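> Given the coordinates of chain A, assemble chain B onto it according to the supplied hints.
In order, the protein sequence lines correspond to chains A and B. Using our numbering, the first residue of the first sequence is number 1, and each one after it goes up by one. Using our numbering, the first residue of the second sequence is number 473, and each one after it goes up by one.
Don't read these hints as lab results, they were simulated from the structure. Being a predicted model, the structure only gives us computed values, none of them experimental. Where is the CB? At the ideal position from N, CA and C, for every residue including glycine. Check the hints yourself; a few may be wrong.
Non-contacting residues of chain B with respect to chain A, defined by C-beta distances greater than 12 Å in every case (computed) [what the hints assert, rightly or not]:
hint : residue
1    : ALA523
2    : ARG599
3    : LYS653
4    : ARG683
5    : GLY769
Sample of chain A residues with no beta-carbon within 10 Å of chain B, all distances over it, derived [stated by the list, open to error]:
hint : residue
6    : ALA25
7    : VAL37
8    : ILE72
9    : ALA144
10   : SER217
11   : LEU336
12   : ALA403
13   : GLN463
Only pairs whose alpha carbons sit at most 20 Å apart, straight line, appear in this in silico SDA-like list of lysine to any residue [unchecked claim]:
hint : chain 1 : residue 1 : chain 2 : residue 2
14   : B       : LYS509    : A       : ALA188
15   : A       : LYS235    : A       : GLU249
16   : A       : LYS465    : A       : GLY430
17   : B       : LYS822    : A       : PHE164
18   : B       : LYS479    : A       : VAL458
19   : A       : LYS235    : B       : ILE520
20   : A       : LYS231    : B       : ALA493
21   : B       : LYS479    : A       : VAL210
22   : B       : LYS822    : B       : PRO809
23   : A       : LYS465    : A       : ARG310
24   : B       : LYS653    : A       : LYS239
25   : B       : LYS479    : A       : THR213
26   : B       : LYS822    : A       : ASP73
27   : B       : LYS509    : A       : ARG167
28   : B       : LYS479    : A       : ALA245
29   : B       : LYS479    : A       : LEU441
30   : B       : LYS501    : A       : ASP205
31   : A       : LYS231    : B       : GLY820
32   : B       : LYS479    : A       : LEU250
33   : B       : LYS509    : A       : PHE164
34   : A       : LYS231    : B       : GLN758
35   : B       : LYS822    : A       : ASP106
36   : B       : LYS509    : A       : ASP186
37   : B       : LYS822    : A       : ARG124
38   : B       : LYS501    : A       : GLY163
39   : B       : LYS509    : A       : LEU190
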Amino acid sequence: MAEILHRVTLAAQDDFEGWREAARALVMHGVPPESVVWQVAGEGGDLFSAVAAMPLPPVGGDGGFNVPRGFIDIARTAIAHRDPERFALLHALLGRIRDWPGALADRADPLVRRVETMARQVRRDMHKMHAFLRFREIAEPDGAVRFVAWFEPDHHIARMNAGFFVRRFATMRWSILTPEVTLHWDGASLCEGPAAQRADAPAGDPVEQVWRTYYASIFNPARLKIGAMLKEMPKKYWKNMPETALVPELIAGAQAREAGMIRTAAKPQQGHDRKAALAALAEEARGCTRCDLHRHATQTVFGEGPANARLMIVGEQPGDQEDLAGRPFVGPAGQLFDRAMADAGLDRGSVYVTNAVKHFKFVPRGKRRLHQSPNGGEIKACRWWYEQERLVLRPRLTLAMGATAARQMFGKIVTISAARGRAHRLEDGGEGWVTVHPSFLLRVQDEADRREEYARFVEDLVQVKERLTALD
Amino acid sequence: MAQLDIKEKLAILADAAKYDASCASSGTKQRDSAGAKRGIGSTEGMGICHAYAPDGRCISLLKILLTNSCVFDCHYCINRKSSNVRRARFTVEEVVNLTLSFYRRNYIEGLFLSSGIIRSSDYTMERIVAVARSLREEHGFRGYIHLKTIPDADPDLIRLAGIHADRVSINIELPTASGLKRLAPEKSGTRIAGAMAGMRAAIEDGHDARRRYRSAPDYAPAGQSTQMIVGADSANDGEIVRTARRLYDRYALRRVYYSAFSPIPDASAILPLRRPPLMREHRLYQSDWLMRFYGFGAEEVAQAAGADGMLPLDIDPKLAWALKFREHFPVDVNRAPREALLRIPGLGIKAVDAIVAARRVRMLRLDDLARLTVSIARIRPFVTTPDWRPTTLTDRADLRRALASPERQLELFSA
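So that you can see chain A by itself, here it is in the shape it has in the complex (with noise of 0.2 Å):
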């Protein structure tokens, strides 16, 4: 520590000219930071009283230096920070400054970060006062109205704000409390007061309730971000806002309303026109580019059935017939379905058929065009449609015939043998089932294999057909 110590007493806490005035005399005459005691008129007693302190010797009459015009703008916020070291770092800065006006660019050096922080809060804080300050109006003796605030800003900004209510307001009288100084405004000229308290504030306004029933009608309840809240809207402003003491309830009334909705949601819908709302479906589909596969096949092939079906049969894709004729399940391993589901005794006219991706995927072989599996990022892409199928009809039972559907359904690869023959419970509250694709069956080269894969197929269908009445 420094022997000698100079003190100098500011007039108040935002005094920049006085800070200014001493720093640059201290610096002229190369006194060290650490040497010098900061005070405010005032406050905190005298503490260094004790201290020997050296009056500040004077400046020459040439003794001005420059200084960039960004450390006076920064300076000039800065001084309003409460932190108590400010006047000592600023001086320091000040310093560095003069031996080399380049130094704010050094924006990696801890001083230049630390003064910079605490422009940067005071700036937040001077914000928040244009956001968060409430006025409340009063009758004033003389008939005309006067609108009071009452704030509680975290540095001392008070004075260094009053310019932006001046200008917005500058046809209204005005007074805003802080618990450091007033300041009142008529109209024409700006006075300061002293400190006040938050009861010398008046306690209402009778707008106030109009502007909460706005806040809490424009809130929307169907999404919650209270992170998102807290982050701008510090809780330490809430007390001198009037619409805060809502923000519980609202919270509260979201959570039981989104519980309801979720309620709501797992139960088919009654008495809307689930038809309608397929039929758009489809013809939205039909100009679907959610993945590649649109731009080689002939057409969108979107599932059919009734509307209120209980049942949805989930295949593939759509082969190369299915393509040209825009409906599923019209080729060969369609035919095949058909008759097995004849067989099973189930009606097609009563099901929904569709598919888990709903453009053709093929290489082109000469004249023909090879079917392709399609991949995970397909099935993915195509996932909407299938989603938005199942939120129209909400089927009782879901059959996923090859591995392609069974993807689609569990949103998981899952391996058919394992899988088959037992009902699996949905994440939308369905029942699904799992069986073979049909153009498996077709694929079997050994008549006797292919026959019994049939009857399994059919036992499959059987089976769903039985737990679609036992449903019932």
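Chain B alone, transformed into the frame defined by chain A:
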């Protein structure tokens, strides 16, 4: 219908307006009422959010509809003709008085006025313009005004809106034409596009006039914006980002807003009930930022999406892009051009500017970088400094998992 008082009307007409995401009050020219004999208000460039609702949205403007009655039947809209909601209607004078009494108490920056369509598009547009005119001319209001225009209204009427408003907007509604056809069958994509193009021309004419005659009035100084609903039609993130880019370029929009479709009471059967995760909306805004401020092209953002065209929800799109194109990293923070620094995940514009300024005066080491950035742990895998080289990190297969932050809190309510 029984007479409703102002509070009841406000409850209905604010409730009906909340599906518009925009509440910005920034980007307009500066003006104030200092020295004025009458009137009130100021705009100082930066927008001010006077409150935040628990949905995380800023409340900057009094955002209301003139009426929620509507002759249209758009399925995603709570105010559609066939909906069962209570209807209400403000008079021009009521909106003006409400705006002024809120403004005087410092609750708001101004007014965002929209409306359901009653009688005719022209009639509705006239009423909207009448509110703005009254505020500006009769009351000397210098606060912010955002008017939503009605694409089917007479182009001359739409043009009038820009004379009084700081910002005008026309909603594109849905990112795809097929989605618009399904969900808003009475709206025409061509009319909407035509109105936006007309507005762009009017704004540019206004700028021209200002350049030539200082006395020319400002015309929509905060430009025009639009909004699209996300998750109600089949568009994936890649398509949405491309649509947004096209809108920015074609109509010189200031902002495109994305609004995650949120289930509305008394929903139409055409509308899917499932809503997209709120995080999706957030990721789209992040991509929007990448395009507007970080030098990313729409195609580059689309490349950050997965095979299904969707941006990852667990990591931000900039990080997703970096993980996919690791050959661009690590970046030497002391030598790389600004554009390369902007690509580093975890570095914002301010941090990049600070680095560019600071490296002129010193060679940045890792702890210098730590002082200039929010989280050094996030950016370390992607940068080099004289004392740091992420030899193994950049190639680690589990880098994604290491950097993905668990944001369960947000997702909790959006399932």
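> Give a verdict on every hint.
Structure-based check of all given hints:
At roughly 6 Å, the least C-beta separation between ALA523 of chain B and chain A is not larger than 12 Å, which violates its mark as non-interface. Against the 12 Å criterion, ARG599 of chain B stays outside the reach of chain A, whose nearest CB is about 20 Å from its own CB. At roughly 7 Å from the closest C-beta of chain A, the C-beta of LYS653 of chain B falls inside 12 Å, breaking its exclusion from the interface. At roughly 27 Å, the least C-beta separation between ARG683 of chain B and chain A is larger than 12 Å, which holds for a residue marked as non-interface.
Its beta-carbon lying about 19 Å from the closest one in chain A, GLY769 of chain B satisfies the requirement of being farther than 12 Å from that chain. Remark: the non-interface label on ALA25 of chain A is consistent with the geometry, its nearest Cβ contact in chain B lying 28 Å away (cut-off 10 Å). Non-interface call for VAL37 of chain A relative to chain B: holds, since the shortest CB-CB distance, roughly 29 Å, exceeds 10 Å. Every Cβ of chain B is farther than 10 Å from the Cβ of ILE72 of chain A; the closest lies at roughly 18 Å, confirming the non-interface assignment.
Here ALA144 of chain A stays apart from chain B, with its beta-carbon at least about 13 Å from theirs, past the 10 Å limit. In this structure SER217 of chain A is not separated from chain B by more than 10 Å, as the shortest Cβ-Cβ distance comes to only about 4 Å. Under the 10 Å C-beta cut-off, the non-interface status given to LEU336 of chain A relative to chain B holds; the minimum distance is some 31 Å. The Cβ of ALA403 of chain A lies farther than 10 Å from every Cβ of chain B, with a closest approach of about 18 Å, so its non-interface assignment holds.
Every CB of chain B is more than 10 Å from the CB of GLN463 of chain A (nearest about 30 Å), matching its label as outside the interface. For the suggested pair LYS509 of chain B and ALA188 of chain A, the alpha carbons sit about 10 Å apart, so the restraint of at most 20 Å is met. A hinted pair counts as satisfied when its Cα atoms are at most 20 Å apart, and LYS235 of chain A with GLU249 of chain A qualifies at roughly 16 Å. Between LYS465 of chain A and GLY430 of chain A the CA atoms are separated by roughly 15 Å; this keeps the pair inside 20 Å, and the hint holds.
Restraint check: the Cα-Cα separation between LYS822 of chain B and PHE164 of chain A comes to about 26 Å, which exceeds 20 Å; the hinted pair is violated. Simply put, LYS479 of chain B and VAL458 of chain A have alpha-carbon atoms about 65 Å apart, too far for the 20 Å limit, and the pair is violated. A C-alpha spacing of about 18 Å is found between LYS235 of chain A and ILE520 of chain B, which places the hinted pair at or below 20 Å, so the restraint holds. The suggested pairing of LYS231 of chain A with ALA493 of chain B holds, with an alpha-carbon distance near 19 Å, which does not exceed 20 Å.
At most 20 Å may separate the alpha-carbon atoms for a hinted pair to count; LYS479 of chain B and VAL210 of chain A meet this at roughly 6 Å. With a C-alpha separation of about 15 Å, the suggested pairing of LYS822 of chain B with PRO809 of chain B holds against the 20 Å cut-off. For the given pair, LYS465 of chain A sits about 11 Å from ARG310 of chain A by alpha-carbon distance, which is consistent with the 20 Å threshold. Between the alpha carbons of LYS653 of chain B and LYS239 of chain A the distance comes to roughly 48 Å, so the proposed pair goes past 20 Å and is violated.
For the given pair, LYS479 of chain B sits about 7 Å from THR213 of chain A by alpha-carbon distance, which is consistent with the 20 Å threshold. Only pairs whose Cα atoms come within 20 Å are accepted, and LYS822 of chain B paired with ASP73 of chain A is accepted, the gap being roughly 18 Å. Note on LYS509 of chain B and ARG167 of chain A: the hinted pairing holds, with a Cα-Cα distance of about 12 Å set against a maximum of 20 Å. Straight-line distance between C-alpha atoms of LYS479 of chain B and ALA245 of chain A comes to about 18 Å, which keeps the hinted pair within the 20 Å bound.
Of the supplied pair hints, the one linking LYS479 of chain B and LEU441 of chain A is violated, its CA atoms being roughly 69 Å apart against a limit of 20 Å. For the hint linking LYS501 of chain B to ASP205 of chain A, the alpha-carbon distance of about 32 Å lies beyond 20 Å, and the restraint is violated. With a C-alpha separation of about 18 Å, the suggested pair LYS231 of chain A and GLY820 of chain B falls inside the 20 Å cut-off, and the hint holds. At most 20 Å may separate the alpha-carbon atoms for a hinted pair to count; LYS479 of chain B and LEU250 of chain A meet this at roughly 18 Å.
A distance of roughly 18 Å separates the Cα atoms of LYS509 of chain B and PHE164 of chain A; the hinted pair therefore holds under the 20 Å criterion. With a CA separation close to 18 Å, the supplied pair LYS231 of chain A and GLN758 of chain B stays within the 20 Å bound. Distance restraint check for LYS822 of chain B and ASP106 of chain A: the Cα-Cα separation of roughly 14 Å lies within the 20 Å cut-off, and the hinted pair is therefore satisfied. About 13 Å separates the Cα atoms of LYS509 of chain B and ASP186 of chain A, which keeps this hinted pair within 20 Å; it holds.
Simply put, LYS822 of chain B and ARG124 of chain A have alpha-carbon atoms about 16 Å apart, close enough for the 20 Å limit, and the pair holds. At roughly 18 Å between alpha-carbon atoms, LYS501 of chain B and GLY163 of chain A fall within 20 Å of each other, so this suggested pair holds. Only pairs whose Cα atoms come within 20 Å are accepted, and LYS509 of chain B paired with LEU190 of chain A is accepted, the gap being roughly 17 Å.
Hint violations for this structure: numbers 1, 3, 10, 17, 18, 24, 29, 30, all remaining hints satisfied.
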